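Engineer: In my numbering, each number is its position in the sequence shown, counted from 1, plus 15.
If you're looking for bench data, these hints aren't it; they were derived computationally from the structure.
One thing to keep in mind: the hints can contain errors.
[To be verified] List time: in silico EDC-like cross-link candidates among lysine to aspartate or glutamate, alpha-carbon distance up to 20 Å:
#1 K51 <-> D41
#2 K50 <-> D91
#3 K82 <-> E137
#4 K50 <-> E80
#5 K454 <-> E530
#6 K536 <-> D380
#7 K113 <-> E123
#8 K50 <-> D68
#9 K315 <-> E259
#10 K82 <-> E31
#11 K113 <-> D41
#12 K535 <-> E427
#13 K454 <-> D380
#14 K454 <-> E406
[Said to hold, decoys possible] Computed spacing ranges between beta-carbons, pair by pair:
#15 E161 <-> E360: 39 to 45 Å
#16 L129 <-> E360: 30 to 36 Å
#17 P430 <-> V351: 51 to 57 Å
Please read these numbers as outputs of a predicted model, since none were measured by experiment.
Glycine residues also receive a C-beta, built at the ideal position from the N, C-alpha and C atoms.
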Amino acid sequence: MQRAAFMTRTFRMYREQTVIANVLTDLSFRQLGGKKGQRLFSALTEETGLSLDSSRTISQMTITEQKMVELLRIFDQKPELLIIRGLSSFVSVDMFQKMMQLVERLNEAGVTVLYLTNRLEEAISLSFGITVVDKRRIQGTYSPEEIVSDPRSIFFISMGAQKFDFGEEPQPAPKPDALGCGIQENLQMFTRYLVREMSASSAAAFVLDPVQKRVLTSVGCASDASETVLLRDEAVCTLLGVDELVTLRPEQETGWFERTPPYTTVLCYPVRISGELALVLQINYTGSYRCTPRDGMILKWIAQEMGISIESAQLMGNAVLLRESHHRIKNNLQVVVNLLELEKELLPANVGDPAARTGMEQPFDGTIQRIKCIAGVHDLLTMRKFGSTCEIGEIAGTVCEFYQNCAQTTLEAEPVRVPYAKAVSVALVINELVSNSIKHNQCLGRPLAVSIRVTQDDAAGQIVILRRDNGRGFPAQHPGAEAHSGAGSRILSSVVVYEFRGTMKQRNGGGAVVELRIPKKALLPLEKRRVASEELSTKAGGASG
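Turn these sequences into a full structure, and let the hints guide you.
Structural biologist: What follows is the structure, encoded as structure tokens:
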């Protein structure tokens, strides 16, 4: 029994050896070809239900088939520990479920399984214990039931915050407020601090929508066990039109409160957070009170910090929503891929001409690969906590992973960032560059090598993407023929020329060379693109003057 086995994005196999040689690693070559090897291999395939040809070479197999080989080898080895990472990102949903059922059988047989993922849904559905690791530090361990009942337990940790144990008694989880998890707790914390620092009897905080003039949420806190008497919603909305500290005398303005308050003085301080939100603070005193400059400074400082806290919680909530959206889009695209693969399998089986059947399958294969490419980009964006841009090198690396069994791909990229809105288009460009090279160099007779290089031409204000391979090159009579033949090349021309307003050149040089030049401003969001154009126009006008 081995101590540990791995199933990750990296393939730990001998690519030029057969399936049986990669599965039964403890047998000699003579035993592999004999009855013992075949008997053991047949027993493994029967036990797992994975149907594989033992004589096939690994380099001829798809990514899914290679993962099946790895799983067969793990069943043979029965390791003490199995580490799995990112399995769902490169196999179909059906195959992933089947493989996880087999992994569950290994776990029941005594194999400890460590599944590494950045997807919360996977972690909840697959495990009975979830450990959150961030910045090489364990932030906490939870059961799936804890996370489902109270997602706040890992909400802030998933955004990069760290968990510290202050030895406090655990508090019951409050219900989520109207603005999302986290804001209600922050308001409660700041309100308690406000009562203490201003020596008040109680205090309250209201978050409003200034456009609709509606109170979204409110919290109250008292220095003792008494209940805080809050302002009426209409009174709170009226205070939005005031830009300074307001002092109320409850005995004269009883209609401002939900019921008759026991206070002698009430301070109200409205704060504009953003165009969408506003904050009103209510500080109550039961005895005589006179506002001092210190109290005014503390009040303004706490109000400012509360505003920043609310805005930060909103941004974090938006970031989580965006990541969840990318994750759901990726899952939906995987369903589309499964449907297309099913349609491909249902093609007429009686087509006798191999060339005709290949011609029928190619459109499916090309479309499936492009959808997988788009899904891979959304998977990449799911992993990002904040920000609205990603590097072209990350996008190109994600695409190249899909072709690691078809060609030797190398990537060299300068740090060029593109907004999320353009990430899919860039991925499609990289995908067509690599897939066209593979498509036009089948049966080459030697390993195909494809290199992608991304650089910046600062003088011209352009991004240069250079694809080079060691294949047959372009036809001597028509070196640009690839640019106008096939759906893939039309997609390439459409995105580069019409969407990005760039150029595409092709030549021969030890193989086929394609050079794309894309203006940097074409990768900017529209609003930034307008600003850049205005700056260029201003500079041009100044130079002419």
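Engineer: Does each hint hold? Answer for all of them.
Structural biologist: How the hints compare with the structure:
no. : hint                      : in the structure
1   : K51 <-> D41               : holds (12 Å)
2   : K50 <-> D91               : holds (17 Å)
3   : K82 <-> E137              : holds (19 Å)
4   : K50 <-> E80               : violated (24 Å)
5   : K454 <-> E530             : holds (18 Å)
6   : K536 <-> D380             : violated (34 Å)
7   : K113 <-> E123             : holds (16 Å)
8   : K50 <-> D68               : holds (15 Å)
9   : K315 <-> E259             : holds (10 Å)
10  : K82 <-> E31               : holds (16 Å)
11  : K113 <-> D41              : violated (26 Å)
12  : K535 <-> E427             : holds (18 Å)
13  : K454 <-> D380             : holds (11 Å)
14  : K454 <-> E406             : violated (27 Å)
15  : E161 <-> E360: 39 to 45 Å : holds (42 Å)
16  : L129 <-> E360: 30 to 36 Å : holds (35 Å)
17  : P430 <-> V351: 51 to 57 Å : violated (33 Å)
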